[in-house]
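**Student:** One letter stands for each residue in the lines below.
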Amino acid sequence: MKDQDHDKLKKGFQGVYRILILACVVVALFSVAMVYLLGNPDLSLFQGSKPDTEVVAVGADDDDFDKVENGIHVRTGFIDAPGMMETVQNCTNCHSAKLVMQNRMNKERWKATIKWMQETQNLWDLGKNEDIIIDYLVTNYPPKKKGRREALTNIEWYELKD
Amino acid sequence: MQRRKFIKGATLASFAGVIGAEIVYGLKMPSGYVPLALQEPDPFKMFDKNTEMVVLNDKPWNMEARAHLLDDKVTPNEAIFIRNNGLVPEGIDAANWTLTIDGESVRQEKTYTLEELKSKFKHHTYQLTLECGGNGRSEFDPPAKGNQWTVGAVYCAEWTGVRLRDVLEDVGIKDDAVYFGYHAADIHLSRDPKKEPISRGAPMAKAMQDETLLAFKMNGKDIPLVHGYPLRVIAGGWPASVSGKWLQRISIRNIVHDGTKMTGSAYRVPCKPVAPGEKVADEDMCIIESMPVKSLITYPKSGATLAKGKKLAIRGHAWAGELEVAKMEYSIDFGATWKTCKLEKPVNRLAWQHFSAEVDFPQEGYYEVWAKATDSKGVSQPMLLPGWNPKGYLNNACHRIAVKIV
Numbered sequence: 001m002k003d004q005d006h007d008k009l010k011k012g013f014q015g016v017y018r019i020l021i022l023a024c025v026v027v028a029l030f031s032v033a034m035v036y037l038l039g040n041p042d043l044s045l046f047q048g049s050k051p052d053t054e055v056v057a058v059g060a061d062d063d064d065f066d067k068v069e070n071g072i073h074v075r076t077g078f079i080d081a082p083g084m085m086e087t088v089q090n091c092t093n094c095h096s097a098k099l100v101m102q103n104r105m106n107k108e109r110w111k112a113t114i115k116w117m118q119e120t121q122n123l124w125d126l127g128k129n130e131d132i133i134i135d136y137l138v139t140n141y142p143p144k145k146k147g148r149r150e151a152l153t154n155i156e157w158y159e160l161k162d
Numbered sequence: 163m164q165r166r167k168f169i170k171g172a173t174l175a176s177f178a179g180v181i182g183a184e185i186v187y188g189l190k191m192p193s194g195y196v197p198l199a200l201q202e203p204d205p206f207k208m209f210d211k212n213t214e215m216v217v218l219n220d221k222p223w224n225m226e227a228r229a230h231l232l233d234d235k236v237t238p239n240e241a242i243f244i245r246n247n248g249l250v251p252e253g254i255d256a257a258n259w260t261l262t263i264d265g266e267s268v269r270q271e272k273t274y275t276l277e278e279l280k281s282k283f284k285h286h287t288y289q290l291t292l293e294c295g296g297n298g299r300s301e302f303d304p305p306a307k308g309n310q311w312t313v314g315a316v317y318c319a320e321w322t323g324v325r326l327r328d329v330l331e332d333v334g335i336k337d338d339a340v341y342f343g344y345h346a347a348d349i350h351l352s353r354d355p356k357k358e359p360i361s362r363g364a365p366m367a368k369a370m371q372d373e374t375l376l377a378f379k380m381n382g383k384d385i386p387l388v389h390g391y392p393l394r395v396i397a398g399g400w401p402a403s404v405s406g407k408w409l410q411r412i413s414i415r416n417i418v419h420d421g422t423k424m425t426g427s428a429y430r431v432p433c434k435p436v437a438p439g440e441k442v443a444d445e446d447m448c449i450i451e452s453m454p455v456k457s458l459i460t461y462p463k464s465g466a467t468l469a470k471g472k473k474l475a476i477r478g479h480a481w482a483g484e485l486e487v488a489k490m491e492y493s494i495d496f497g498a499t500w501k502t503c504k505l506e507k508p509v510n511r512l513a514w515q516h517f518s519a520e521v522d523f524p525q526e527g528y529y530e531v532w533a534k535a536t537d538s539k540g541v542s543q544p545m546l547l548p549g550w551n552p553k554g555y556l557n558n559a560c561h562r563i564a565v566k567i568v
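Chains as they are written, first to last, in the working numbering: chain A, 1 to 162; chain B, 163 to 568.
Pulled out of the complex, with its shape left as it was, chain A reads as follows (with noise of 0.2 Å):
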């Protein structure tokens, strides 16, 4: 081979060699780029300053996302006690807590409850945390007894203005 065509083939190689560079570069920078966007997609950063409109926080912060204030679960309303993050883990992904807290029933009719949802409205199989659940249901949120007619309650009196 010529001394010519070695030192032709030397610059090819350079120049291929530069663009490669260049190419990851670019890569590297787009990169950086977009992992800035997913963490600050408004690119809020770059905004000289915060508007004045109200920002509304939503949902409570990662650390007390099961926060428990004066023995009540804050998130679901529920009652801390056994069995509750069971409770919340597995009867509040389709309905609200409020639904489970206003229905009280024994042992029995929560197992019928369960087996109904499982054959009709996708619920699954909750394993050893079916027993957890049905006891923590049945301890906080007993059947009270009501007659055929309960008095009035919670009455709040006011006086009637013509």
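Any given hint could be a false lead.
Stated by the list, open to error - Simulated pairs of lysine to any residue, SDA-like, Cα-Cα distance not exceeding 20 Å:
| hint | chain 1 | residue 1 | chain 2 | residue 2 |
| --- | --- | --- | --- | --- |
| 1 | B | Lys357 | B | Lys423 |
| 2 | A | Lys115 | B | Pro359 |
| 3 | A | Lys115 | B | Glu440 |
| 4 | B | Lys566 | A | Asp162 |
| 5 | A | Lys161 | B | Glu520 |
| 6 | A | Lys111 | B | Ala428 |
| 7 | A | Lys161 | B | Gly527 |
| 8 | B | Lys423 | A | Leu123 |
| 9 | B | Lys441 | A | Arg109 |
| 10 | B | Lys356 | B | Glu252 |
| 11 | A | Lys161 | B | Glu530 |
| 12 | B | Lys221 | A | Asn93 |
| 13 | A | Lys145 | B | Met545 |
| 14 | A | Lys98 | B | Leu249 |
| 15 | A | Lys107 | B | Glu440 |
| 16 | B | Lys501 | B | Thr536 |
| 17 | A | Lys145 | B | Asp303 |
| 18 | A | Lys161 | B | Ile567 |
| 19 | B | Lys566 | B | Pro462 |
| 20 | A | Lys161 | B | Glu526 |
| 21 | A | Lys146 | B | Gly439 |
| 22 | B | Lys356 | A | Met117 |
| 23 | A | Lys161 | B | Arg477 |
| 24 | B | Lys356 | A | Gln118 |
| 25 | B | Lys470 | B | Pro524 |
| 26 | A | Lys146 | B | Met545 |
| 27 | A | Lys146 | B | Thr312 |
| 28 | A | Lys115 | B | Ser427 |
| 29 | B | Lys336 | B | Val268 |
| 30 | A | Lys161 | B | Thr275 |
| 31 | B | Lys470 | A | Lys145 |
| 32 | B | Lys272 | B | Thr260 |
| 33 | A | Lys115 | B | Val442 |
| 34 | A | Lys145 | A | Glu108 |
| 35 | A | Lys145 | B | Leu546 |
| 36 | B | Lys463 | A | Ala151 |
| 37 | A | Lys107 | B | Lys441 |
The set of hints was computed from the structure by calculation and includes no laboratory data.
Chain A is fixed; fit chain B onto it per the hints.
**Tutor:** Then chain B, alone, in the frame of chain A:
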């Protein structure tokens, strides 16, 4: 789950995807702002409801009125209860909305656009009483499963639409038609597209009544989204679940419609009376048709105190499913004696009727004013809970308010 990060990482496009509509002025949204539809929502603002309404459930949304909120003769949207079995449909396109009539008993399947329905058939307007079959469920003992409605799952709004009968006559119905069943755009709680949250109906005789409408207006305006925009069935006097919302399809069946919540214990009561708590086999349960006679004192709000010697003006509404209310009475001595109220005729069949009375109290003390309606067949409201049933339907026990004379 790290919810905040998820939301923060979301883009305008993904917000729009979830809401099902483009966010106009989206670029002007302040950073960190989450569109209303995705926030822990304020249901009173979202559904335009009175803030004294009571939320029973937020997934699915269920909300009821309190008696005093229902004082208007024609119930305004702000006091109308919300009953959902599934999730409110997303991205409704009224301009391209269609209604298909199909089933074993149609001569041929036919599809109408919403505009065709409105232009092709005569419009009718009626005031129609809709009451949830489970209104009053909270009083049953042993407790019955489901949303624990007290008294406020009832209202009477003014509906405008076309008669279901006119549309069915245009389609052509075979002689073997037994039942109509509706299919709608709402979404099952599990988000399984193969499941319908609810698909109920009524016998053909109900379908053919003058007052059974395919409605597109409530109280003179487009139906609010949560109440079935842009098209729904209205079958007054029957459990409100017969009046399917977000209507897309009606099947004319040659059997009793067997859609979701037509079978098992849903909207059914024991065919023969049972003891409280008794187990009832599915085949011994009968579908609820007309709702029973009932009334509500809407003024004053329970808890009124007034001076001795003053008369108390009470008023409210009474209804009786397919029938009319013939007599309205009140008692201030727990039913020992009854006095007659003034009772108006309904403005049209299946509209609730208005009653009023001037009440005298003999001396200072605690009173309850009880109201009792009697229907045109002589059947009255019970003072105690009516027959127990597994799902706690049809509680038409007398309504009462507390009054103190000082």
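**Student:** Does the structure keep Lys463(B) and Ala151(A) at a Cα separation of 20 Å or less?
**Tutor:** Judged against 20 Å, a Cα distance of about 17 Å means the pair holds.
**Student:** Is Lys336(B) within 20 Å of Val268(B), Cα to Cα?
**Tutor:** The given pair, whose Cα atoms are some 6 Å apart, holds under the 20 Å limit.
**Student:** If you draw a straight line from the CA of Lys161(A) to the CA of Gly527(B), is it 20 Å or shorter?
**Tutor:** holds (18 Å)
**Student:** Sort out whether Met545(B) lies within 20 Å of Lys146(A), counting only the CA atoms.
**Tutor:** Holds. Lys146(A) to Met545(B) sits at ~15 Å (cutoff 20 Å).
**Student:** Would you check the hint for Lys356(B) and Met117(A), treating anything up to 20 Å between C-alpha atoms as holding?
**Tutor:** At roughly 16 Å apart (the allowed maximum being 20 Å), Met117(A) and Lys356(B) satisfy the hint.
**Student:** Verify the proposed pairing of Lys145(A) with Asp303(B), using a straight-line Cα cut of 20 Å.
**Tutor:** holds (7 Å)
**Student:** Regarding the pair Lys107(A) and Lys441(B), is the alpha-carbon distance no greater than 20 Å?
**Tutor:** Distance of about 15 Å is within 20 Å: holds.
**Student:** Decide if the proposed pair is consistent with the structure: Lys441(B) and Arg109(A), CA atoms, cutoff 20 Å inclusive.
**Tutor:** holds (11 Å)
**Student:** Just to be careful, I want the Cα atoms of Lys115(A) and Ser427(B) compared with a cutoff of 20 Å; is the pair within it?
**Tutor:** Since the Cα atoms of Lys115(A) and Ser427(B) sit roughly 14 Å apart, the hinted pair holds (cutoff 20 Å).
**Student:** Going straight from one Cα to the other, do Lys161(A) and Glu530(B) come out at no more than 20 Å?
**Tutor:** holds (19 Å)
**Student:** Is the hinted pair Lys423(B) and Leu123(A) satisfied, with a Cα-Cα distance of at most 20 Å?
**Tutor:** Holds, at roughly 17 Å.
**Student:** Within a Cα-Cα threshold of 20 Å, do Lys115(A) and Val442(B) meet the stated pairing?
**Tutor:** holds (17 Å)
Hint violations for this structure: numbers 30, 31, all remaining hints satisfied.
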